[in-house]
Amino acid sequence: MSEASRRPANSAPSQRALGLARAPAEGDGVDTSPDVADRVAKTTCYMCACRCGIDVHIKDGKVRYISGNKDHPVNRGVLCGKGSAGIMQHYSPARLTKPLLRSGPRGSGEFREIEWEEALGIATERLSRIRQTDPKKLAFFTGRDQSQSLTGWWASKFGTPNFAAHGGFCSVNMAAGGLYTIGGSFWEFGEPDWDRTKYFMLFGVAEDHDSNPIKIGLGKLKARGAKVVSVNPCRTGYNAIADDWIGIRPGTDGLFVLALVHELLKAGKIDLDYLIAYTNAPVLVIQEPGADDDGLFLRGPDDRPLAWDREAGTAVSALDPYIKPALTGVHQVNGRRCVPVFQLLAERYLEETYSPDAVAERCGVDASTIRRIAAELADVAFEQAIELPVAWTDWAGRRHATMRGRPVAMHAMRGISAHTNGFHTCRAIHLLQVLLGTVDVPGGFRFKPPFPKLAPPGPKPAGKDGGRPMTPLSGMPLGFVTGPEDLLVDEAGKPLRIDKAYSWEAPLAAHGLMHTVIRNAWAGDPYPIDTLFLYMANMAWNSSMNTVETIRMLTDRDEAGDYKIPFIIYSDAYYSETVPYADLVLPDTTYLERHDCISLLDRPISHADGPGDAIRHPILAPDRDVRPFQTVLIDLGGRLGLPGFVNEDGTAKYRDYADYIVNHERLPGIGPLAGWRGEDGETFGSGKPNPDQLQRYIDNGGFWHHELAEDQRFYKMANRSYLEFAVRMGFKERTGPVHFQLYSEPLQKFRLAARGHGKAVPPEAERARIEACMDPLPFWYAPFEETAIDTERYPLHALTQRPMHMYHSWGSQNAWLRQITNQNRLFVNRKTAAKLGLDDDDWVWIESINGRVKGQIRLVDGVNPDTVWTWNAIGKRRGAWGLKDDAGESNRGFLLNHIIGDKQAGAGGYSNSDPVTGQAAWFDLRVRIEKCSAQEAGFTEPQFERFAQPPHFSPTAEKLSFGAGFRKGRVA
Amino acid sequence: MTCLPASTERKLGLVIDLDTCVGCQACVTSCKEWNTGGHMAPLTDIDPYGGRPDGVWFNRVHSYEHVTEAGGRTVHFPRSCLHCEEPACVTVCPTGASYKRTSDGIVLVDEDKCIGCKLCSWACPYGAREFDTDVGVMKKCTLCVDRIYNDNIAPEDRVPACVAACPTSARHFGDLGDPDSAISQLVAERGGVELMPELGYKPTNRYLPPRARTENGAKAAAPALETLKAEGGFLGWVDRMLS
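From first to last, the protein sequence lines stand for chains P and A.
The C-terminal residue of the first sequence carries number 1347 in the numbering used here, and the numbering is unbroken.
The C-terminal residue of the second sequence carries number 229 in the numbering used here, and the numbering is unbroken.
Read the hints as simulated data drawn from the structure, not as lab findings.
Misleading hints may appear alongside valid ones.
Facing chain P, a subset of chain A residues (Cβ under 10 angstroms, in silico) [claimed, not checked]:
| hint | residue |
| --- | --- |
| 1 | 14 |
| 2 | 49 |
| 3 | 65 |
| 4 | 72 |
| 5 | 89 |
| 6 | 139 |
| 7 | 147 |
| 8 | 150 |
| 9 | 217 |
| 10 | 221 |
27 angstroms max Cα-Cα, derived BS3-like pairs, lysine-lysine [to be verified]:
| hint | chain 1 | residue 1 | chain 2 | residue 2 |
| --- | --- | --- | --- | --- |
| 11 | P | 597 | P | 1028 |
| 12 | A | 215 | P | 699 |
| 13 | P | 1334 | A | 104 |
| 14 | P | 1028 | P | 473 |
| 15 | A | 99 | P | 1334 |
| 16 | P | 1306 | P | 1210 |
| 17 | P | 1334 | P | 1306 |
| 18 | A | 104 | A | 188 |
| 19 | P | 839 | P | 1134 |
Heads up, incomplete: computed chain A residues facing chain P, CB under 7 angstroms, no partners named [to be verified]:
| hint | residue |
| --- | --- |
| 20 | -11 |
| 21 | 37 |
| 22 | 39 |
For every residue, glycine included, the Cβ atom is placed at its ideal position computed from N, Cα and C.
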C-alpha cells in the first residue's frame, strides 16, 4: 500500500501525543495513569457494514472502551460515531435472550420461551418436509448480514432458488450497473484514489455508507486542497464540506451526467487512446433493423468481437492489441452493415436532448454550472494529468514506462440507485469516468481486488428447474445473466423465483428482490410458499415499503383461518419490529460474541493496493441463551443432512461457524479466508485448510492484507502482472483483460427477445417495457412514479437518508446514539415552506398516492426546493427495541415507508423497482405536505398496537451509570 | 471564589477544523465511551430509553446553516470546554472545586469539593459544563487528562479520545502556548480563531474557519470548453486524431 495510505489516520504533527517522559507534577491528586484494560482484543466492528478494525478494551469482564485499529486497512485507527458507541449496542436492553415460540396471534409479541433443542427440532421437521416435497416453498432471505457466501451456499444445497440478501432494496443498481460496465463498482468493489485525485465528484451518498473510508478520504482531499463537488439534493454531512454543492432534483442525475458527456464530446475532451485500449468503443455493432442479430457485435469465427482496422481496411479481432481500430464510420463486412460502438455513443450523446440547456430546468441545475463542471473535468483530466514513475506491462506484453493518471475520481451510492432509472444512471456515471480515462489510473477511481472481473462476471444464477426435492441447485442462486436464455422463468415466461428475480420484470436482478417477497408470498404469486426464513432484516418495519399493508399481509389468514404465509422463522439479536411476526425466533448474538468472516467470497475488506479479509471472534461469552446465527444454520444443515454439511456417515461436518470458516473449501484450496492457508499457514489465496488459521488472524489484529507490488496497483483491467496474480488467487479464471462494456450486448439481447427473436421471448405484455429499458447504451428516463401520477397534486420529491451516527434500524436501542437523534423531522426548504404557509416546527401531513403520515417539519436552506427529506428508521413502533412507551421514536418520530408504495404507481403488477435490476425505488416517491389541525399536532400517525414484551425481558432502565465501576476507588 | 494560576507551563488544547468536520458524531461518542469509564466516571444517562433521555456529554456537535455572501453553507460545530486562560467558571467557584492546572492549563473539577451549586455553568458562556444530576456534581471535558499522560496506553495513543477517533482528521491537539508547536503553526497558517474573544476569557482551543469557497468553483478554474468547429465536427476530429 502506498506510504500515505499505510500511515495511521490522525498522525499529523498537530495530532500527536505530547511525548513527555512523565506526567507533570501538578499535585492535584488526579490519577493520570489509570489501568485501562485487562486485555485488548482486536476484531471487526459491526455497527454498520463498513467492517472497520476495532480494539476492544476489556476490564473486569466488561467492555471498557472500543477504539479503531491503527493497522487496519479500512479505518487506519479512526472510528465513527456508531463504532464508538458499540458498548451500548452490546449491552442493549433489546437483546433477545432465549429461543421463542409464538403463543399469541402473529404480531402480538406474545411468545413462550423454549429450549434450543425444541426450536431446532421444529425448524428441522418443517424444513425437512419442504425439502422432501418442494424445496422452493422455503424462501430464505437474509438482511444486512456479511455471510452471504455461506447463506447462499446453504440455500443452494437445500435446493431452493428462493434466496437473496438485502442488496435488492439497497444498492443493486450500483453493483449491477458497475459490474456490467467496468467489472467492478463502488465501495467494496473500488474506491477513489484519495491520495492523488485532484477533483472528486460525489453523487447521492447516504451518509451512513462506506463511513470511515469516505471520511478519511475527504480529510485527505481537504488537506491537499483537492476540489470536492457533491451532487445531492441535500446539503448535509459530506455535502456540507464540498467546495461545490449541486442541489440537484432527485432522479435526474443521469440527465446531468449525460449532459456532461455531451459537453465533453462536443469539445473533443475524451481519452481516445484509453477508449481503444480498454473498452469496447471500437467493436463493430451490426446495424440491420429486423435481423435477429441487429445491435449485436459482429463476431469472427472464433466468436470474438471484431473491429475495423483503419490501416488494413478490414475487420479483425477487436482484442488484437496491435490493430488501429476505427471509432467512426459505417463499415460493410461480409455484406453486414456495421458501425463501431463509439459512433453510436457519440451520435446519441451529441443529441441536443442531452445539451445543458435542454436538461437544466429538469435537473434544477443551471446550464452554465453544467458547462463549468464539464470544463473543470476536462481541465483536470487532460491539463493536470499525472504520471507515476512506475513501469508496467500490459496484458499483451507491451511495456509502459510510466503509469499515466487522470486525477478525476467519482463515488456514487444510494441516491443514484434507489430510483427506477438507477441502473442506467449508474452506467452513465461509469461512462463518464471511462470517457475521461479515469478508471483504475492514478488519481482516478480504483478497483479493489478481487475486482475487476469480467463485465459481467460469472456465474449465472442457478435454479432454472425451479428446485427439485432432495436435490441441490446446480450452483449458487444469485449470479449474472448474459441473455434471455439465462432468465429463471417457465415456458410461459412466468417467474420461477418468489421474488421474481431474473424474470422479465427484473432481468438483471443480481441481488434478488427481498422487498417483494412478503407480498408475493402472501398473494401466492407466482406460487404460495410454506416457510419464510428471515435473518436480520426489519421487514415488518423500515426495510419494507408500504409498511401498513406489509404488516397486514404478514397477519392475513385464508378462509380456513390459517395464515396466508404459513410459517415464519426469524433470527435476530434484538427485539425489532419484525420479531413479533415470527412463529419461531432464533436469538442471535451481538457482534462481540461471535465468529464471522469478512470473506473475499463475499464482501471483503480489500484496499485498492491489495486484497484483504477479516474475522470476528468471540471476545465475550454471551450471558444469554443465544447462538450465533451462522452456527445455527450450519447445525440445521447437518440435521437436514444437506450435502456439504454432513460427512458420508451422516454426521455433521462442521462443529460450528468457526470450524466451517477454517475447513470449508468452496473449490480445492479456496476457502472463506485467504490468509495463512496451507497446513502450516505458509501460503495465501489458495492452499489447504490451516487448523491454526483463526489464531493467525487474531495474532495479526483480526485481518489479513496482501500488498500488491508497485507495478500491479493500477490498470488492473489490463495489467499483466496483476491479472496473473488475480488468476493465482482465484479472482479470475483467465489472465485476459477486462474490457469495459460501454455498449452492453447482454442488454441488446433482451431487446431482440422483445422483438420476437430467439428461444426465450417475453410475454406480449412485457415487450414494450423490455424494449424501452434494456437499451445497450445508458440513457435517461423519468422516474416511473412521476410519470404516472398527478405531479401537481404531489409536487414534492421525498427522500430519506440515515444519519452518520445511525445504521438502519439499529441505532435507536443504543442509549447514546438515540440521545443524538430520537425524533426525525421532515426537512423543508425555507422558500417552499413560505409558499405553503408553513412555519418551523409545524406538524404536517405528508401525503402520497399511497397514504399519509404525520410528522414535524424543520426549515432549512440546504435542500433542493422541490424536495423534502427525513432521517430514515428513527420512527419506531411502540414495544420494540427495548424503548419505553413515551420514547420520541414512537410518539414523534415517523416512518416515511408507510407512504412509499411497494407497487409501481399505475402499472398493474410491477413492484416499485428498477425495471432492469429490480432495485427498490425508494426515492421515486412524490408527496404533498399540508399543515395539520391544532388537535392533530404533537404526535405522529399512523400508530400501531404496542407489542408485548418477550418473557423475562428486563424492565427498561431508568438510569445508566455505565463505567462507574471502572473508576478506581469508587464502588459501582 | 477560586484563584487562577498567574500563568501555566503549557496551554494544552484542541484545534477543530470546521472546513473538514462533517458532523459525524465520532468525537461525541468516543468522548462519551472513554470518559464514562474515566476520570469523572460515570457520565450518567437519565431515562436512557425513554421520552426524555438526558445524559452527561463532554462534547456535542451542533449543526446549523449559515448564509454568507457566497451563498449558504451547512456548518457542523463541535463544542466542548475551551480550557480558557481566564475561565469564569473557575473564578466563580465558591469551593475551589473548579480549578485550572498550572502545568498544562487544563480546567478540571475536583468532585470532592463540588457542592453542585452550578454557578460555573451559569458563568461559562460556551455551555461547556455538564451537571450530573444523579451524582450531584458538575462534570466537564478533562482533555482526557487520564489518556494524554497515561503510562498504560501506548505512547502514540496518548491523545484525547476525540482526536484519535475523528474520521476526517478535523481535530488537532497540542500546546497552544508554544508558538513553534505544530498545532500553533497550523492555527497561524489557517487563520484559526477564538470563540467570542470579546468576552475576555481567552479560550485556548481554536477553530479553523471553513475555507473560502464560491459558488462558481474558482478553485478549479478552467477555461470554458470550445466546441470543435473544424471540418466534420466531433466525429471528424476523432478521425483526424486517430489518423
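Hints versus structure:
With its C-beta approaching chain P no nearer than about 6 angstroms, residue 14 of chain A sits inside the 10 angstroms limit, and its interface hint holds. The beta carbon of residue 49 of chain A comes within 8 angstroms of a beta carbon in chain P, closer than 10 angstroms, and the hint placing it at the interface holds. Proximity of residue 65 of chain A to chain P is violated relative to the hint, the smallest CB-CB distance being about 13 angstroms (cut-off 10 angstroms). Of the supplied interface hints, the one on residue 72 of chain A is violated, with its beta-carbon coming no nearer than about 19 angstroms to a beta-carbon of chain P, more than 10 angstroms.
Restraint check, residue 89 of chain A versus chain P: the minimum CB separation of about 3 angstroms is within 10 angstroms; hint holds. Look at residue 139 of chain A: its Cβ gets to within about 6 angstroms of chain P, closer than 10 angstroms, so that hint holds up. Proximity of residue 147 of chain A to chain P holds as hinted, the smallest CB-CB distance being about 8 angstroms (cut-off 10 angstroms). Residue-level restraint check for residue 150 of chain A holds (minimum Cβ-Cβ distance to chain P is 6 angstroms; threshold 10 angstroms).
Checking residue 217 of chain A against chain P by beta carbon gives a least distance of about 13 angstroms; that is not within 10 angstroms, so the hint is violated. For residue 221 of chain A, the interface hint holds, since its Cβ comes within 10 angstroms of a Cβ in chain P; the closest pair sits about 5 angstroms apart. Taking the CA atoms of residue 597 of chain P and residue 1028 of chain P, the gap is about 52 angstroms. The hint is violated against a cut of 27 angstroms. Restraint check for residue 215 of chain A and residue 699 of chain P: the C-alpha separation of about 25 angstroms stays at or below 27 angstroms, so the hint holds.
Pair hint residue 1334 of chain P plus residue 104 of chain A holds up; C-alpha atoms about 21 angstroms apart against a cutoff of 27 angstroms. A threshold of 27 angstroms between alpha carbons decides the hint, and for residue 1028 of chain P with residue 473 of chain P the separation of about 26 angstroms falls inside it, so the pair holds. The hinted pair formed by residue 99 of chain A and residue 1334 of chain P meets the criterion: a straight-line CA distance of about 24 angstroms does not exceed 27 angstroms. A hinted pair counts as satisfied when its Cα atoms are at most 27 angstroms apart, and residue 1306 of chain P with residue 1210 of chain P qualifies at roughly 12 angstroms.
Straight-line distance between C-alpha atoms of residue 1334 of chain P and residue 1306 of chain P comes to about 37 angstroms, which puts the hinted pair past the 27 angstroms bound. As the CA atoms of residue 104 of chain A and residue 188 of chain A are separated by approximately 21 angstroms, the hinted pair is consistent with the 27 angstroms bound. Of the supplied pair hints, the one linking residue 839 of chain P and residue 1134 of chain P holds, its CA atoms being roughly 15 angstroms apart against a limit of 27 angstroms. A hinted interface residue such as residue -11 of chain A counts as satisfied when its beta carbon comes closer than 7 angstroms to some beta carbon of chain P; here the least separation is about 14 angstroms, so the hint is violated.
Nearest Cβ of chain P to the Cβ of residue 37 of chain A: about 3 angstroms, under the 7 angstroms cut. The hint holds. Contact between residue 39 of chain A and chain P, as hinted, is supported at the beta carbon level, the nearest pair being about 5 angstroms apart and thus within 7 angstroms.
When the structure is compared with the earlier hints, violations turn up for hints 3, 4, 9, 11, 17 and 20 and for no others.
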